[in-house]
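**Student:** Spelled out from the first residue to the last, the chains are:
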Amino acid sequence: MIRTHFGVVAIAVIAVVSGCGEDKKRAQVYRGFTIAIGSVAPLTGGIAHLGKDNENGARLAIEEANAAKIKIGSKDAAFELVSHDDQADPKVGTTVAQKLVDAKVAGVVGHLNSGTSIPASSIYSQAGIPVISGSATNPKLTEQGFKTQFRVVGRDDQQGPAIASYLAATTKPKLAAVIDDATAYGEGIANEVEKTLKAAGVNVLPREKGTDKTTDWKAVLTKVKGRNPDAVFYGGMDATGGPLLKQGRELGIKSVFSFGDGACTDKMKELAGEAADGLLCSQAGIPAQAASKKFLDAYKKRFNVDPILYSPFTYDAANILIEAMKKADSADPAKYLPVLQKIEFAGATGKIAFDAKGDRSDAEMTIFTMKGGKLEPIAIIKGGKTVSYQDFIAQAAAPQQGDAAKK
Amino acid sequence: MDIFIQQIINGLTLGAVYAVVALGYTMVYGIIQLINFAHGEVVMIGAMVAFSVIGALAPSGLPPGVVVLAATGCAIPACMLIGYAMERLAYRPLRGAPRLAPLITAIGISIILQHVAMMIWSRNPLAFPQIIKAQSYDLAGATITNVQIAILAISVAMMAGLVALVYRTKLGTAMRATAQNPQIAGLMGVDANRVIAFTFVIGAALAAVAGVMVASYYGIAHYTMGSQLGLKAFCAAVLGGIGNIPGAMLGGVLLGLVEALGAGYIGDLTGNVFGSNYQDVFAFMVLIAVLVLRPSGLLGERVGDRT
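In order, the protein sequence lines correspond to chains A and B.
So that you can map any letter, position 325 of the first sequence is 325 in our numbering, and since no number is skipped, the others follow by simple counting.
Plus 1000 on top of the position in the second sequence (first one is 1) and you've got our numbering.
Chain A with its partners taken away, still in its complex shape (with noise of 0.2 Å):
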């Protein structure tokens, strides 16, 4: 009992103590003019390669805000990346979050995954630090209410009526069937899929089911199949999207199938063999190779690789912190904040803006479809209006060279 009273007196002591001393300490890193900006994604395990991708991201923002010399609170200032690795776990996630609150970094880039950036949501809230993610998209991330909490990219439940507009726009089906694997994720997705397509005037034929390890759906697509529908959805992931696919086509069912990103993989390939030609799926955000061209060409200057996924939405989530900052004229969380919730910012992504949640309005989708074993994407579904890739890129590319010309 002792030892614990000991132990709750010696936590308190310091909390006071280092509760005093915070506002110093902050101001001595400004005065010191290093401003201190985390990055968090997984630099270890399955998923390395992606964390690498999103930390460069945020280091290339870094680096050529430190060339470009910028001053803050007439000062110059230098910034400074502290990067650290979650290992795409929600334990390590807080832990490392904790870290970055303790080292009193300015603002956060990260974490890469939904998961990790959850949990780690509320400590940064609760030391009032800005954290603007590029990867995360689980809807949750900014349904709790944080103020310090923004992303970049798009929503899991803007995915549903993205891919349902560009069915209904591009297939122009008269009947769909629409199929779910049962989980919050995939019922999610088709409900809002449903909506949209009956919204488009098309006919939905009454939900089937599975579950997410259903191996097993020709009963269902047999069904399916008898009422011979025009367009197919599937609400769920590539481990039962796979087997779903590969036995529709072996019923002969013709019409168009589509799906969520949790079955918009390169993965489909492999589980649904040459069935997966010509299926069309979406994913959250744009893929890299369609940032800006400036952003392409100085990733590959600085790291002589092309950008994985997530970086130019890193790179935008960096840039936009240091450019509230400037606007604010201050590094200090609680004066830029305020700034950083009305910014308008042109990224490599587009233009960014944020709603009162703090997701990115106006988020873009991408529609992908599989072609000759190969993911490739044909559209960017953007405010609910529909650009072929094509033109997205030569619209991305030019509005970068006029921002070029005015420097």
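Calculated from the structure, these hints are not laboratory results.
Being a predicted model, the structure only gives us computed values, none of them experimental.
Careful, some of the hints might be misleading.
Said to hold, decoys possible - Across the chosen pairs, the derived CB separations fall in these ranges: (1) 356/A <-> 1137/B: 57 to 63 Å; (2) 1136/B <-> 301/A: 49 to 55 Å; (3) 1088/B <-> 226/A: 47 to 53 Å; (4) 212/A <-> 1111/B: 18 to 24 Å; (5) 174/A <-> 1140/B: 23 to 29 Å; (6) 174/A <-> 1289/B: 38 to 44 Å; (7) 371/A <-> 1140/B: 31 to 37 Å; (8) 174/A <-> 1136/B: 24 to 30 Å.
Beta carbons are placed, not taken as given, at the ideal position from N, Cα and C, and that holds for glycine.
Starting from the structure of chain A, add chain B where the hints point.
**Tutor:** What follows is chain B alone, placed relative to chain A:
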């Protein structure tokens, strides 16, 4: 009508696989009254071994048929070995123990096998290489693929072979004798331990083939694929009368048909109150109904509990 025929084809294919797996449950139960819950995992190991062999041989340019045969040829001995080891190490030491002890051991073995497979083949769903090109044939308006035909043919052949083994050979006679009364069979010169080990090994060989069939039918293999399949097959065995070999076959085919027709028509029959995801509920309702009316299963004989 073509939709109905299609559902029958779907159900028969599924049912044939259930039947082959159910045989493993029923044979072991018939002899030592043990429900070997790890049997589903043996199916999974069979699929995984075949996956690795196909992955290794596919680039060699051998004809696809040979590769699949080689993969099955590797999966069978691997599973037989696991079946034997399982009996020798986990069940034989518990032969005289209360019936609950080996049952719990079986669940333990099942978990161990799953996690070993997870460590070897990762927790991701594996795309089972589709080296045999799927071809669809038209059958009265319905389609049947070459893989489905192969599954049906192989299952029937294996079941016929098993019946011949059990009813026509000396080993089969010994198996039946042991099933009736191990002690008396022992007095008649039957080595009960050897016969029991054989039963496990034969069941595991059938499971290996079932694993390859399931994985190539759906094009996917996963370290948890055995548990659901095993549970269904176990139900098929109970439906037909556990311990009864023709019963397992009948139960398997029936369960497959009920599932396919259930998924296909339950929505229409209930005005879409229940969707196709209730197909398992439907299948188990049939199981319960049968067991209420015939507690020993469709072909099971009413026997007094032997101690």
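**Student:** Out of the numbered hints, which ones does the structure contradict?
**Tutor:** No hint contradicted; all consistent.
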